[in-house]
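Asks: In this text, residue positions in the sequence shown follow full-length UniProt numbering: the first is 1, and each later residue adds one.
Bear in mind the hints are in silico, worked out from the structure with no lab data behind them. All the given hints hold, so there is nothing to weed out.
Using C-beta positions, here's what the derived DEER-type ranges look like:
(1) Leu103 x Asn66: 24 to 30 Å
(2) Asn66 x Glu121: 33 to 39 Å
(3) Leu73 x Val15: 44 to 50 Å
(4) Val15 x Val68: 28 to 34 Å
(5) Asp1 x Asn104: 53 to 59 Å
(6) Val68 x Tyr9: 22 to 28 Å
Note that the structure is a prediction, hence the values are computed from the model and not measured. A virtual CB, placed ideally from N, CA and C, is assigned to each residue, including glycine.
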Amino acid sequence: DACYTTRCYNGLTCVVDPNESNGYRCEGECNPGFLGSDCRSRNDFAQGCTRKPCQNSGWCVQTGINHVCRCRLGYSGDECQYRKKCNAGVCVDDDACSSDPCLNGGTCTLSENSFNCECPENFEGEHCETEC
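Work out the full structure, taking the sequences as your base and the hints as a guide.
Replies: So, in structure tokens, the structure goes:
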């Protein structure tokens with residue numbers, strides 16, 4: 001049988017399939033860090049948590065080939081890179097652009113204690129919310 005001599009690697013299972021030109025197919029999902037039809041190729045970009053991307057003592061959770069950073073109280077951002085300003089127990093983002101306040105393709109730039117939206121053609125307003 002085709003699966004006796006041919007293997008699928010790193011999370012895949014070999015299934016005999018006479019409809020395939022090689023007589024088998026690999027089923028399942030590649031383990032994190034591998035890709036390709038037989039999961040033999042290393043994907044160094046998928047080593048999410050091994051490269052320790054989370055800053056400020058955030059912790060990393062591997063989700064397939066991706067990762068998510070869980071931030072400590074007082075921090076935010078994809079990699080916990082922003083410190084929140086807190087006042088009487090209420091915290092706000094240091095980076096006013098991190099919440100994507102500009103609508104309709106507007107570009108956010110930080111200004112002192114706030115942000116400005118540069119609006120694309122045909123839009124205006126503080127958040128580029130009004131069509132011209």
